[in-house]
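Engineer: Here's the letter readout for the chains.
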Amino acid sequence: MLNNLATILDQGVAASTTSYESIATVTVGASSVSDVVFSSIPSTYKHLQVRYLAKSARSGNTLDELNLRFNSDTGNNYAQHAVFGDGSSANTQATTSQNNIELGSGWLGTTTAGSQFGVGVLDIFDYTNTSKNTTIRVLGGLDMNGSGRVGLGSGLWMNTSAVTSITLYAQNANLVQYSSFALYGIKG
Amino acid sequence: MTATYDKIATYTTPSAAADYTFTSITGTYTDLICIISGENSTSDQGVAAQVGNGSVDTGSNYSSTYIFGDGATPQSGRGTSASNMLVGRMANSASNSIIHFMNYSNTTTNKTVLGRGNDGVYVIQHVGLWRSTAAINTIKLFNLSSVTFAAGVTFTLYGIKAA
Numbered sequence: 001m002l003n004n005l006a007t008i009l010d011q012g013v014a015a016s017t018t019s020y021e022s023i024a025t026v027t028v029g030a031s032s033v034s035d036v037v038f039s040s041i042p043s044t045y046k047h048l049q050v051r052y053l054a055k056s057a058r059s060g061n062t063l064d065e066l067n068l069r070f071n072s073d074t075g076n077n078y079a080q081h082a083v084f085g086d087g088s089s090a091n092t093q094a095t096t097s098q099n100n101i102e103l104g105s106g107w108l109g110t111t112t113a114g115s116q117f118g119v120g121v122l123d124i125f126d127y128t129n130t131s132k133n134t135t136i137r138v139l140g141g142l143d144m145n146g147s148g149r150v151g152l153g154s155g156l157w158m159n160t161s162a163v164t165s166i167t168l169y170a171q172n173a174n175l176v177q178y179s180s181f182a183l184y185g186i187k188g
Numbered sequence: 189m190t191a192t193y194d195k196i197a198t199y200t201t202p203s204a205a206a207d208y209t210f211t212s213i214t215g216t217y218t219d220l221i222c223i224i225s226g227e228n229s230t231s232d233q234g235v236a237a238q239v240g241n242g243s244v245d246t247g248s249n250y251s252s253t254y255i256f257g258d259g260a261t262p263q264s265g266r267g268t269s270a271s272n273m274l275v276g277r278m279a280n281s282a283s284n285s286i287i288h289f290m291n292y293s294n295t296t297t298n299k300t301v302l303g304r305g306n307d308g309v310y311v312i313q314h315v316g317l318w319r320s321t322a323a324i325n326t327i328k329l330f331n332l333s334s335v336t337f338a339a340g341v342t343f344t345l346y347g348i349k350a351a
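For the protein sequence lines, the chains are A and B, in the order given.
Okay, so the first sequence: first residue is 1 according to our numbering, each after it adds one.
Okay, so the second sequence: first residue is 189 according to our numbering, each after it adds one.
Only chain A is shown next, with the shape it has when bound in the complex (with noise of 0.2 Å):
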């Protein structure tokens, strides 16, 4: 039973090639970006994936958090939910009636960690069905040989508008150079 659901939760499960699609990529410049938007998402699909490796310019804290907001919405109709582990004890966080989802906690690289990005795993469910809100899973982590986060989060948008537009931040600081996000299509 323990097998077959960590299956069926686990992400990468193979998709067939005709049904698992790119729809764009971000890759951030030379120049640092306050942010990523994915816009004009089609909505010819079941569910969206964006894979991520990032680091934000945050200066004296290896740590920053990545945050999504849908269709450019800002108001406090966000929640989030995320277990992580940091090397010695497992933690919870969760926030309510925030303005984005906060996508785990603290699994962003930043330019004080050095070489490393965090990565992660954005699962968007059902996001053109429009009679009910939007939630989210995330699987991702950090490393930086003897420091560092892993975890899994979800997270929920208050709103039964579909997704058209996908923003991606980091909390304290920009986004730089190297830092990839793309932005995948799944059929139903």
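No wet-lab data here; the hints were simulated from the structure.
No residue lacks a Cβ here, since even glycine has one placed at the ideal position from N, Cα and C.
Hints may contain errors.
To be verified - Sample of chain A residues facing chain B (criterion: CB under 7 Å; computed from the structure):
hint, residue
1, 20
2, 61
3, 86
4, 89
5, 115
6, 116
7, 117
8, 146
9, 148
10, 182
We have chain A; now place chain B onto it with these hints.
Structural biologist: Structure of chain B alone, referenced to chain A:
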């Protein structure tokens, strides 16, 4: 839109095997996903990886952070400056591990891997680091403590290509 989730290679162990290595992996994809499915010969054990370009790096250039649960108490652990990174867990019964090699072919960042595995007791999630900016084209997967994979274990490697 381009179909972009391709199977690169599959291998099934004909008999008990200590490890399996994917070699000459094409650099044309953005991410790699490896799924290990089957069981170990004798006992539950953690799955580790060594990676490299041309051959696997056996130096102390790996580290891992992980979180795991056994139905009672969630825990977290870490390995540093190790000769491999933890990426999964296999059981002495049907089990699987799924490993994401993120941006594996770029030559500007160190390589980070996300992995998940489970056995009859634990479900565990890892983030692993290879401190090298070399592109990965070789991946060796093995159980810790010399536990072998049983006959019939499948190792399937997929490539995901971004636009």
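Engineer: Work down the list of hints and note, for each, if the structure agrees.
Structural biologist: Verification of the supplied hints:
1. The restraint placing residue 20 of chain A at the interface with chain B holds, with a minimum CB-CB distance near 4 Å, inside the 7 Å limit.
2. With its C-beta approaching chain B no nearer than about 17 Å, residue 61 of chain A sits outside the 7 Å limit, and its interface hint is violated.
3. Taking 7 Å as the C-beta contact cut-off toward chain B, the hint placing residue 86 of chain A at the interface holds, the least distance being around 6 Å.
4. Given hint, residue 89 of chain A at the interface with chain B, holds; its Cβ is 6 Å from that chain's nearest Cβ, closer than 7 Å.
5. Proximity of residue 115 of chain A to chain B holds as hinted, the smallest CB-CB distance being about 5 Å (cut-off 7 Å).
6. Interface restraint check for residue 116 of chain A: the shortest CB-CB distance to chain B comes to about 6 Å, inside 7 Å, so the restraint holds.
7. Given hint, residue 117 of chain A at the interface with chain B, holds; its Cβ is 5 Å from that chain's nearest Cβ, closer than 7 Å.
8. At about 5 Å, the closest approach between the beta carbon of residue 146 of chain A and any beta carbon in chain B falls short of 7 Å, and the interface hint on this residue holds.
9. Among the interface hints, the one on residue 148 of chain A holds; its C-beta lies about 5 Å from the nearest C-beta in chain B, closer than the 7 Å criterion.
10. Taking 7 Å as the C-beta cut-off, the interface hint given for residue 182 of chain A holds, the closest approach to chain B being about 4 Å.
In summary, the structure is inconsistent with hint 2 from the numbered list given earlier, while agreeing with all the others.
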